[in-house]
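Both chains come to you apart, so use the hints to assemble them.
Those sequence lines, one after another, are chains Z and H.
Numbering-wise (UniProt numbering), the first sequence opens with residue 1 and increments by one.
Numbering-wise (UniProt numbering), the second sequence opens with residue 1 and increments by one.
You may find that some hints are simply not true.
Some chain Z residues judged to face chain H by a derived CB distance under 7 angstroms, without partners named [to be verified]:
(1) 199
(2) 203
(3) 969
(4) 1048
(5) 1069
(6) 1072
Please keep in mind that the hints were generated in silico from the structure rather than gathered at the bench.
Bear in mind the structure is a predicted one, so any value in this text is a computation, not a measurement.
Where is the CB? At the ideal position from N, CA and C, for every residue including glycine.
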Amino acid sequence: MTCTRCPSTIQKDRKTKTNAIKTSKYNPFTFLPLNLFEQFQRIANAYFLFLLVLQVIPQISSLSWFTTVVPLVLVLTVTAAKDATDDIVSKRVFFLCGALRGEKWMNVQVGDIIKLENNQFVTADLMLLSSSEPLNLVYIETAELDGETNLKVRQALTVTGDLGEDVEKLADFNGEVRCEPPNNRLDRFMGTLTYAGQKYPLDNEKVLLRGCTLRNTQWCFGLVLFGGPETKLMQNCGKTTFKRTSIDRLMNVLVLCIFGFLAFMCTVLAIGNCFWELNEGSNFTAFLPRQDGNEATFSAFLAFWSYVIILNTVVPISLYVSVEIIRLGNSFYIDWDGKMYHAANDTPAEARTTTLNEELGQIQYVFSDKTGTLTQNIMTFNKCSVNGKSYGEVTDSCEASNKVDFSFNSLADPRFVFHDHSLVEAVKLENPEVHAFFRLLALCHTVMAEEKREGELFYLAQSPDEGALVTAARNFGFVFRSRTPDSVSIVEMGRQRSYELLAILDFNNVRKRMSVIVRSPEGKLSLYCKGADTIIYERLHRSCSKLMDVTTEHLNEFAGEGLRTLALAYKDLDEEYFNGWKRRHHEVSTSLDGREGKLDELYEEIEKDLLLLGATAVEDKLQDGVPQTIELLSKAHIKIWVLTGDKQETAENIGYSCNLLREEMNEVFVVSGNSPEDVRQELRSEVSPIGKCFPSHPIHFFVLIGSVFPPESTLGNGGVKAMADEAVNGEYGLVINGHSLAYALERGSELAFLRLACLCKAVICCRVTPLQKAQVVELVKKHKQAVTLAIGDGANDVSMIKAAHIGVGISGQEGMQAVLSSDYSFAQFRFLQRLLLVHGRWSYLRMCKFLRYFFYKNFTFTFVHFWYAFFCGFSAQTVYDEWFITLYNLVYTALPVLGMSLFDQDVNDAWSFQHPQLYVPGQLNLYFSKKAFFKCALHSCYSSLVLFFIPYAAVHDTVRDDGKDVADYQSFALLTIAHNCFVISLSPRLQLGFEMSYWTAVNTFFVLGSLAMYFAVTFTMYSDGMFLTLPSAFPFIGTGRNSLNQPNIWLTILLTSILCVLPVVTYRFLFIQLCPTINDKVQVRQAKATPPPPPRRTRIRRTSSRRSGYAFSHAQGYGDLVTSGRFLRRPALPRSSGFSHAGRTTTSFSPMGRSAGYSPTGRPQNAKVSDVEVTSLQMYKTIRDPAL
Amino acid sequence: ERFKAGKSGPSARRPDNSAFKQQRLPAWSPMLTANTVLPFFYFMALSCMLLGVWLLLTVQSTQELKLDYTKAGSCDECFEIHNSASCRLFQGDVFFYYGLQNFHQNLRRYMDSRDDGQMVGRTTNLKNPSTYCEPFIKDQKGLPIAPCGAVANSVFNDSFTLSYHGGSSGPAVPVPLLRQGITWYTDKNIKYRNPKDGNMTLAQVFQGTAQPRYWQKPAYELDPRDPANNGFINDDLIVWMREAAFPNFKKLYGVLYRAKKPFIKGLPAGNYSVDVSYNFPVQHFRGRKQVVLTTVTWFGGQNHFLPIAYLITSCLTLLVAVVLTVAWCKFGKNGRNMEE
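Pulled out of the complex, with its shape left as it was, chain H reads as follows (with noise of 0.2 angstroms):
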């Protein structure tokens, strides 16, 4: 029996007369009527309004540069862009970034190809690396590249250095760039490991791995300047490796150092000039490269999208909101359709 055994008597199988049984929960149940609708909307209508203005002036606070030098690739040396738009003091933190256009680094094969377990520094993965991999797993030679996959072999290798011209005719002044801190926290201290073994060297660790097709040096020469920038725990790696979602990104190069003047306060205004080591090839994917300076608010960087979203929304909400006043004032005011 379904009905509990314990009961007796005459009304044995009488149900529970519980609220949840007899479906008599206690609920709320919101109704569409005017009262809430329309007020409703006419405050979002206004939340939206003032949401989006104060995102916008947020977003105007902040300053933006780019410069694509995709083209800087074909002349020999340089490659000048005058920006006389730009001629603010970038005030607060500046952030470097590099940008690539057209980049997949969303392909599904070609994200798959990495392994985790290397780059967290197992051992057995550096010698041993995952067939996600493919083709990126060993060399000619037959030796287990480290790191492997696609990613980690088309890593971004151009670098650069910014010079501040100054105000006048001054000599130029290199802009002081901080190369580390660039990753997630996570990324650079739980994510990516090197791998130890013993009190063994880092050279020595790798040894018996090869560097990746495209690598002019291996992973543990990455930064000469700093030992603990190499390996699988380089900034610039990280970074690549932190794959991006759409084919138009743009990636953390440096951040400037405002410890010493004249970039205390930021970037004065002046001229600059960018050197670029162009390593990385674009043109036979019909991709572009840009550098990005630009600084950040608490709402990130220079996003107009959202504000301007946020104001359209709200405009078309106080269009509806109008609409659905006229429609009640005209037809449901009156009660006459709730008749039957």
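In isolation and in its complexed conformation, chain Z is listed as follows (with noise of 0.2 angstroms):
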């Protein structure tokens, strides 16, 4: 036992950590100087900073003051702003979490004592106190931390459970508490309580998890252990780290390279003015003599800084902030969308984050949980085959209409949904099968009942599945109403009838069936069966082979259609048999030595001759529209990952339904080995098949062994290479658990983990801890370098979802832990195709978009310059006005580009839906690259030297039409401004512009607003009262009326916009002639036609293999805990009446989930199952030993 904590002593004042988590980065206070210090961090910030100050000497400064102050203030404004507003929404999403009755959680401290009531979140670890229950149990749900749907129970230790309500008591409890420090295992914990001179050791049994909800227990109490951070959750969550986009971290690259270029440009300048002052200066010094007799040289030096401040504007610094805008509108699409809100919980999506939207447009893989994300966690009786005639057939027209109605029924459950009306005809009429395979499901289960009022039933079933049995029984007229430990109560069409119970066999995943033997009022004995149908059968009567035939055809339909079976069997027994079976039971349960076996064999020998009943169908009820949207995804080349914490068979079930696996594949590989050796093996003879898909390439199989264990020398350094997508022959699949994962993700073996997992079309991981979820993604993000994508609701999802590139939270549901610590919440898991496929693509397209034209107008923009350098001997003389230059990125060019960047969209949302593949290309990152950067830069190039050499060859030499100046620096300055503005505000429709696809009226609004304000902004600075007032500010007085009423500086304008607009059309002409990219042929496409109707949801069919349905009870039932009458929640009869004849009371039992363990397929490990923790029976019957 480690005992690294100090002792905990229960007293509330102690100084320890809280439960509050803290998430804000700012007070008021501290507000202003740490965001500006961040702000100042970034380097286009610090690089304005820079400028600010090369402006401020006088021999450097070729530009005023002003140009660099404006926009830099208006960014930082900008930017702090929309820090501030992030924070605020961040504090106050956690504070809405936090609050809770009486006190608020976070306020909560380690060793406070804490009630909680039913339904309620565990939002601490807790050591249980004491409960409202008989026995101090306490019942939890914890699908919130690993994924699994059955409820658990937990127990207090006795000495703690006396204690009781009794505030008074409970405030007196004076105990230490010695436990292991925080870690992240949930299914371990080790500790002993002190409590007046006794030690009582402290397991995972007397503890609840933070992320627990409390069910069917009125009240309990409860000690904090760990608060806040150190809960088993929160260890479990993984660091939260700051998440950047890809684009952003190439926009980083790129303007190092920009910072490089300028660099570059401005030692050519500078060299070319020390030439040119050689040459040409010395000899002007008459007119303009050198300040105090510098040389060529410093002059050079000097022309290189002014150039540094001239050619600034390649550094956008309106680039982020004009970035962020971007992303802030695209989040507030995805917050608007009336098509990503769910209407049932009143939750529509949310974008938590800003910064990552485009990179929603190229996620490659998809990590999802089940439970919860992929289903709905609600199992419903869907079909079932009585007698060889199948009934629940629901032709899709009338799927809504055409409910049963079950108003016969005063006891029927309203919720309960069933189409067929045969089979409430069949048993109206009395039909004997359809009777017994009613009475058979109300009588054959561990449910119990619990009645608030008169007909009013609650079930509070172990398994989902089971509570959709005994429901559809009661709907159907056979009412389970309550138990005792001997007899079961049905209502039975009507009448009250009680059963006694003689034995239950209960179930296990060796067994994989349970029955119940009975007694009915008219005393007939008979044995009620029912399980996995392969096991069933093998123990039916010769005389039901034919009943066998008809029903393996409707088990076949009902598992082709991802829905899990269950057989339904019995037999009559006969009474004196059945009083010697009974003895030879009494006597091996109470045997000492091989009693498991012995009472298996008993079962065994009991449960055969049986007939056939028929078989139920239970539908693990997929969320919405799920099928279809993984379809979808992968025909959008995204590859869905499903990590859950649940069962192998559960998960490989649900992977069916939901066709990530199909019956058509090639095969689909089963990893479960127990050791590293044996997890190697599989993984190496599994990637043979798929080797094999390579004829010509005979050595493949060999090449990949020797690399998928590759010496630690290339591994361990950090060059980690992408690994190359393979190209498979054929379909695979791979189901891997939580066991072999562990050795899978070890170093020697990940590799061939991921290359096996890459290779397979569907993978599902199954009873993965949080940790393994998180360790799989940065597998794939490590090793694929591919964006990934993590999806889930619970809190076991949470570091896989802080892990993943992008995390989304399914929200509107009870727990907000993977809410809170995600990047994007919904409430279904089918909005995900439009979070993807539509609100991605288009921001990823819009990004891009918006960097290529941004970088596009800045080097065009400033290019300009550059050219005019060799004019103007080098001198660092500005072509434009110094106005024009401040306020051209903020001003005159902002909204146009904003105007496409918010807008834009090159295939409408139907279109999208329907070619998947359109989503392709933002995954190969095709739209903005470096590629794509000096694509641009070489075409601003281009755009540049017209918009230089145009004008200066159309007006060097020539003069107004009334003989006065129009080839003079302002004339000339103006009109390369207006060229400027006219190229560059009118091409995002003319230019990149056959780009810009989506033209609404806001854009022509930006673009003809953008140009008027120019020519307002021009003319007001040229005009006569802005000179009068500030003479040497506003030189230009005049120059817009001189000029621009000339016809030659119309047709100048006129024929660079063509010389500039031209080629960009006849290269994308040609190119969408000679190969069209998929977006041309689908706007080609959506331009003709109507978008086709969304593809009707049809379910889909599939012939497929049986999957049996007992995959739900992994942990043994509760038989036991039903027989012994400690389960009951009003312990209305004697204890002593009843348990001693029933079940195997002494038999290892154990409600409690065992997380990552091993798999029910029935594979060799599984015989380890039964001495798993034998110590929690041992407490049991301590226990129970002095109430008897």
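Right, here's the structure in full:
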């Protein structure tokens, strides 16, 4: 036992960590300095501060200070405002979830005693002290924690349980807990409680972990062991890392490149200046004396810095702020999207971070949780086959309308829905087989019933499947009403009947069946059995062979629809035989050695020659549209991996029903080795059949093995190379369980695992811990260098949500953990397709177009200065008016660009769904990369040449129509400015333009508005009044009036525009004609036709092998509890009665889910199961004994 | 909450179903189809062609005569060039320019070296010019220079007299040139103003300032004939102060005064001579000087670039259009590329 944690005595004044988790960054006082400090850490901002310093030096200052200050201040303000709102938002969200009645959860401290009530969420790790239930039991649901849906039991120590709900006593409770330090193991806890001089061991079963929900328990008291970040859940959450998109990283690289390029340009110009000064400038000193006899070299040095100032526009200061604005806008679209709003729980989608949007358009891997994400965690009784007749077939057309009316049955559950009337008719006609069928369902289970008011029944089932079956029986007139340890009361078609419960032959995952032996009120002895079809079939009487064939057909049909099936059988027992059997059973259950095996033999003996009744089919209800979504996403080349804490069979089953695994797949590999060697062996042997798909490369397999375990040196030193995707013949699936995954994720085999996993079309990892989820994500992130998305709903998904590039939380449910750490949240898994294929794709497209356009625009703008340098003696004279430089990015061109990047859609949403391939360019980074950047720089080089030399040639030797000057500096400046404005602000339309494919009124307004703004500002700046107020700031007076009334100026603008636009149109047109991209194709189709209607939601049918339905009860059944009476809420009947003759009261029993453990597939390792956690049983015994 | 607080009920948080929020704004999606692009190219080619031809004809109707007289500085008194090419009438308004080559009015420090505050007549700036005028703020005696700065200091100071020698051998007639009205209206009336101080004459106002170093006369005596053309509002000074964008430029010197015969229709064909008082030194910076006579149209002076550029553009567009048509017929027309 590790006892590094200091003893925590139960006193409330201890100084320990509180339960609060700090998420906000600033407070009002630190905001300004901290935020400014942060902002100036950005290269671009720091650079502009540096520029500002340069501009203060008069020898260098080629531009007035305001050209830098105005944009800088604007940028800083906008960013600061955004940071502030982000911070406030994140604060608020935290408090929302933290509030609870009494004390806020965040104020709870280690050592506090807390009272929890039914259905409350446990938000700290607690040691259970006492509970309202008998024997200090507490029922909890751990779906948030490990994804398992069955209820689990926790039990307090007797010594603390005696405290009851006596607040006085509890407050006086003075003990000491020693326990292990905070760790992330959800399945393990070790500690001791020292109380009144006695030591008591504490283990996992005395502890409620943060993330559980209290169920079926009125109240309980707990002592806080770990709070806030120390809780096991939070320890499992992984690090919070600041997420940046790949575009962000690329942008930083490009900005650095631009710096390099800037330095290069300035050096060239400085050298030019040096030569010019030597050859020309020295002769010109009469007109322009050198300052202080400066030499040419010094002048060149100054020119270098002057040009740094002038050409600063290549380093786009407003880039970052514009990018943020675009992302913010696109995030709002997600918030506003009505098609991602889930009306059932009034939950709209929410973009919780506003910095990752474009990455949504580049996702290659989706990691999904199962429970609550793919499935609704609701089981419904969907179909059944009774005596060779199948019921429940639904015709799609009347799905909604044609519900069966259960009004004949006053005890029916109103929520139950069934569509086949013939079954109800059969029940009403008193068809004996149908009655037996439902009687079996009503009798053979371990469900507990609670009747709060007359006729209002609530079932408490260990697994939702059982609940569904019993509810079905209830609605069809066989209402399970109550049970005692030795009887089951049901209402059969309105008649109250009580069956004597003689034995429960409980489920375990080797038997895969459960039976009950009951005596009917008439005194008839019967055995009812339900279980996996294969198991039942082996035990059927020969006379049923015909029925078996029919039922098998039905079972296949059910399984093909992804339903979980169970076969039902019964047999009437002979009184004498049973008495003998019961005696032997009693002997065996009291014998000391080999009890397990002997009991199994005994059960085996009686469960034979059964008569088949039929089969049930339960649907683990998927969320709406999950198979369609998965199909669509995989068409978009997004790989989906399911990572779940649930059992292998359940996971596999869901894999099939949501179309992830398919029967047509060449093979589905199952890796479930129990040692590193086993796992490696399995990984190897399973890669091999895929390897054999390459007949031309016979050594492929060996190469693979070689590369699977590369020498340590290549792996260790961080030189991670992206693993290339390999071509695979055929489709494969991979299922791996948590135990094997642990080994597969070890150094030596992780690449082999990854390789195998990537060769497979579908990957399902089951029984994984939260941390393993994160490890899998990290593995893919690291070695595939792909963009990953993790989606989940529970606290167990937090780690992978944080680890993935993008985390998505399913909101609108009880737990908030996943949502709180997610980047996006919405209510339904199917919204993922809209998030990725519509919002993600558009965001990416818009961002890329924006970046291309932005760089183009700034380069074009700046290169003109470069060309002008050759005419003005490299003297760092600007071409443009200073005001234009100041306002260019912020006023004249910001809006058209923003308009484009907020409204553009190449293809509308309906067509995006129709052609998921449109998503692929994003994954391949096609729209914006270094190559695209380079192309864009070349393009702007051409444009700037046109923009400079055409006006130069047109104007340098001409005059106005009245013979006056028009080739003067100011007119020329105005001319190039006007060119820039026309070519660049009109060109979202004219130019890059033809990519701007969605031209709304707002865009038109922005573009025309910007032009109008340009003219308005220009004429204001050049007006008499401005000049007369500040002559030196506005020297361009009258230039507008005198130049823009000249026809040749306008003809020049026209020519420049034509020359800038035509090559682009030519290129695009040729491209579309010769090798059109998928976007072009879809656009053409979109223009021609109205979008096709969304595909009808049809059930995807497959021919399928059967999958047995008893996957759900992975742990052993509740039979013992039921028969012992411990489970009963009201201990109404005397305890002495009843349970001695029943069940295996002394066999090992553990209702607790074991996390990463074993698979129920019947593989050899399952044999180990039986001796797990015997201690808990002994505990029960010791507790029970005094009560007897 | 980001959502409107006003709403309540089961769908309180349902987003607005507006076209803007749902990204369904009506929009025009331009498509680059052959039906639009090819006609557009042919149309562009045709219109550029027409525009080019029209401009070319317009430009052809102007006349221009350039005369480099840089070398005149080296000979003692006169310098003769016979230009036989131009024996037509210069019809309409004829403009007389002086041109400079390789003179960098566009150097940053040169351009900055002026004080617009002084030139607009601010008395404070008159006596206390802006530091931008460095190094032409004060003369050796410490008096402020008016107008200060390198631009004003280097004002072009050659003067010209154009004489017409008639069709035959008659006596030389001086060609009347209007030396005023050669600036932009805004410059003459707003940007440049003389400082005023009560009823003082210009000379009195300028008292206490020094003339620029290279000037022979103070600013208030620039035009002895017209007192209204002195000081900062002297036309020649204003023309010079409008710095040229490029090192080769020409600036307006005068406009033919067409009130009297034989100049009513313009400059008649015949012999002309120009008397130059040669003051402005250009040899030391390898500059050149010209006089230019030209007529203008609505399109401005004689500028062959634009018409020719339009014609070339037209040809290129036509070529591209043909290439695109071929490409379309061969690859795009059948739509096979558009299939998946």
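Taking the hints in turn, this is what the structure says about them:
| no. | hint | verdict |
| --- | --- | --- |
| 1 | 199 | 51 angstroms, violated |
| 2 | 203 | 43 angstroms, violated |
| 3 | 969 | 4 angstroms, holds |
| 4 | 1048 | 5 angstroms, holds |
| 5 | 1069 | 5 angstroms, holds |
| 6 | 1072 | 6 angstroms, holds |
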